[in-house]
Amino acid sequence: MHIIDRRLNPSGKSLANRQRFMRRAKSLIRKAVHESTASRSIKDADEAGDVSLPAQDMHEPSFHGSATGGIRDHLLPGNKQYMEGDTIPRPPGGAGSAGAAGSPDGDGQDNFRFALSHNEFVELFLEDLELPDLAKRRVVDTESLSWERAGYSVSGSPANLALNRTVRNSLSRRIALHRPKTEELKALREQIRALAEGDPRRDELEEELDRKLRRTTLIPYIDPIDVRYRRFEANPKPVARAVMFCLMDVSGSMTEHMKDLAKRFYVLLYIFLRRKYERVEIVFIRHTHKASEVDEDKFFHSPETGGTVVSTALEEMRRVVTERFSPDAWNIYAAQASDGDNTASDNERTADLLTNCILPICQYYAYLEVGRDSEQFPPGFARRDSDLWQTYDNVCRPGAPMAMRKANHRRDIYPVFRELFARKQAPAAAEAA
Amino acid sequence: MNYINPNAVRPLFEGADWEFSTVQRAYDAIEGIALGELGLDIYPNQIDVIGTEQMLDAYSSIGMPLFYKHWSFGKHFARNEAMYRAGMQGLAYEIVINSNPCISYIMEENTATMQTLVIAHAAFGHNHFFKNNYLLKQWTDADSILDYLEFAKGYIAQCEEKYGETAVERLIDAAHALMSHGVHRYPRRRPADLRSEELRARERREHEERVFNDLWRTVPQKDGGKPDNSAEERRRALLQLPQENVLYLLEKIAPRLQPWQREVLRIVRNIAQYFYPQSQTKMMNEGCATYVHYRIMNRLHQKGLLTDGAMVEFLRSHTNVVFQPDFDDPRYSGINPYALGFAMMQDIERICTEPTAEDQQWFPAIAGSGDVMAVLRDCWANYRDESFILQFLSPRLIRHLGLFHVLDDANEPNLRVEAIHDERGYRKIRRALARQYDIAWTLPDIQVVDVNLETDRQLILHHRALNRVLLEERDARLVLQHLADLWGYDVLMREIDPATGSVLKEHAASSRPGIVHPNTN
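Protein chains in written order, with the working numbering: chain A, 173 to 605; chain B, 1071 to 1591.
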């Protein structure tokens, strides 16, 4: 008999099968991921997790008898009351007592939960999304230098001293120039000490020692010509610097439902940017009748209320841009969420600001209008567009870097988000390929 | 050597921890009992210690240590893993492979008691059954299965490289759908080789010479002879029709398959054939292993090699395994093969040692014979589930289990109790229960009956719908589609009532271009 310890064998033998399964189920898994984002709370939208796949879509068929019809025999244990010839009313559901015949393949038809790793989840979640036209803008001062090793040099700062190389040089020089070694000198001294005073050989040896000591001082242990420094070369790296402005209306007209929708939208945006673009700056601006730049925590969590003047948010954005993000050096994006209400007198000013100040400096401006969940209009009755929607609709001419969408329900958020940030060139590229 | 009293027997282990020397000691002790006292005959053993993930791996590839790659195994892995992680399903303590040497996987998480139990169960119980049962001997080649799987894995990986993963995947999908109908149920007649053919021809000639009588020449012949259906007959004989092994037929005569595709079908078919006897002997196999481990563990305890604590742990686990809930219990999900097998074997032990008058009447051959193991070894060697029940299910056990037979006729408004555990019912119940384990009754009887060679090469299948139980329609259509893809032309399946010969239902499928066969049509 052999006992073999296989615990240390490489695990993940089924990885290839898992990948095959994922590839096959990709469309299903993608759908499940998208659906799962609708039901998740805001906080764990970024978490990995289980998705539920409908079992029959990954079905492996086989010939087997149907569960109903025909004549069937059931052999059951645990008879307590029945006598031969008794009749039993057919239990609901058709197939024999207690479903004894079951389906012979043994697998139920329930959905089964499929655990995705964090990366698999996010990968599918953010698949095919990107910021449009990133780095299309001329990026003047946005080159960062990355330093890369490039051999050795004879000059440099002490911090970059290449110790190994220096000692190697010194060693070869010392060998070449016959610099006496410490051991040699020590041995010589021992020899001298061993000889009696006045021995003729002693003088000879002392002379030799002197000569060697002189040589030692003449040939230094480390000479400046030995010293080497690690050399670095600076490689300029173009960096797309980008900033995303998140503008959110938090005025009194926004119901909790609307705020929830808007927050969901920004959470998605936030996750997306953090995942895909490490270097994107995010500026949070919220507004009522006045606007202010806030931090992330306040933006998502702090309550505030008041009237609605949309132009204040745009003003604030313009202020931040002039102060910190010069349009020459930055790609600027903005996403605005609102219920579409605006003080009537402000519409003109908003349109003016947007057309003349904001859009010219923006790569992309996305507007999301959140609506009430209950707003169901009978067919044929178009819902009147909101003030802001009408205003923006005029601004949003073809060619303008702007997109507008509406969302009324949680489940709309993710599709709308995808529409706004879908990879624009993808279909064309796919056709070309 | 520092033990003081050489007669004092020390237990094999104390506590739950084990190491390799513990396993070795337990194995040696068990081997002594199994080979010496029970007279088992086994393949050499190999015991592999594995972890959870490896066990899940083994699960997903139907217990085999190596297997070709296919998405469905990934699916099973994902499902098992999810169930396991959610705590909905425990893992088996062991997996045993019918090969020579017999490989048993044991989990590292098991306690020392469980390892002992598992070795007794798998490495001796199952192992003995694998080596001795006639069905397994007839259909599986334990010496070469692992080599064959190695070959299959390599071959399919090569095909994937050469023809693309998608092409191979589609082919295997189709083959898997037909896997249950890719086995030979009976040994085929091998085509005779030249020498024996010659021998037979000579014998026939000699026979003719011996019985030659010139008078026969003068007997007037009937006009015309038989009606001329010989063309059809010849075609069917040539194609070996009717044929119930659908995969075999496709491999041999499907017109448009590439050689590598035929080889892949052959691999799937051979693996199905390997598992075919195991599905017919599941109840006996588990019963055998359970009976063996029960005997061995009790004997170890008797000898003082197991502590009382370990024995209680074992009994707890054993009781769970052989638990049979009643039909009205929410936990009921069919008859537990472990429970039935173990109960029948214990019953045989009782009949051999303490027979009642009833047993004398029912089992005159074994009642009171005394030698339990000889009788059981004979059962294990020469029966399968169906014949074993038919032969050995005793009235006492029927009473004990409270078995009853319910007839469910879809044409009747109510179910009817046909038989219960009484004098009139025993034989009926025994026959009916045996039938549930008869693969001919449980698997639909599907045969390829004809190929329309002259016209459109349509493949015609018949399903003889036993008791008018039709095929599950959605699945049947899907499988038929796979079949049509493999065949390359149209496929027609008739479901036939064997009682009247009338056609109950028809399904048809046409080959989709570009699935198995390239688009050039």
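No lab work stands behind these hints: they were computed from the structure.
Errors might be hidden in some of the hints.
Stated by the list, open to error - Residues on chain B that point at chain A, a partial pick, calculated with CB under 7 angstroms:
| id | residue |
| --- | --- |
| 1 | V1476 |
| 2 | V1487 |
| 3 | I1516 |
| 4 | V1519 |
What the hints assert, rightly or not - Calculated cross-link-like contacts (lysine-lysine; reagent style DSSO-like; alpha-carbon spacing at most 27 angstroms):
| id | chain 1 | residue 1 | chain 2 | residue 2 |
| --- | --- | --- | --- | --- |
| 5 | B | K1498 | A | K198 |
| 6 | B | K1201 | A | K198 |
| 7 | B | K1223 | B | K1207 |
| 8 | B | K1207 | A | K252 |
| 9 | A | K384 | A | K435 |
| 10 | B | K1232 | B | K1201 |
| 11 | A | K470 | A | K353 |
Every residue gets a Cβ at the ideal spot worked out from N, C-alpha and C, and that includes glycine.
Status of the hints after comparison with the structure:
1. V1476: Where the cut-off is 7 angstroms and the nearest Cβ of chain A is about 4 angstroms from B/V1476, the hint holds.
2. V1487: With a closest approach of 4 angstroms, the B/V1487 hint holds.
3. I1516: Since chain A brings a Cβ to about 6 angstroms from B/I1516, closer than 7 angstroms, the hint holds.
4. V1519: 15 angstroms, violated
5. B/K1498 - A/K198: 52 angstroms, violated
6. B/K1201 - A/K198: 44 angstroms, violated
7. B/K1223 - B/K1207: 24 angstroms, holds
8. B/K1207 - A/K252: 42 angstroms, violated
9. A/K384 - A/K435: Violated, because 83 angstroms separates the two Cα atoms, which is more than 27 angstroms.
10. B/K1232 - B/K1201: With Cα atoms ~39 angstroms apart, B/K1232 and B/K1201 exceed 27 angstroms; violated.
11. A/K470 - A/K353: 71 angstroms, violated
Consistency note: the structure conflicts with the earlier hints numbered 4, 5, 6, 8, 9, 10 and 11.
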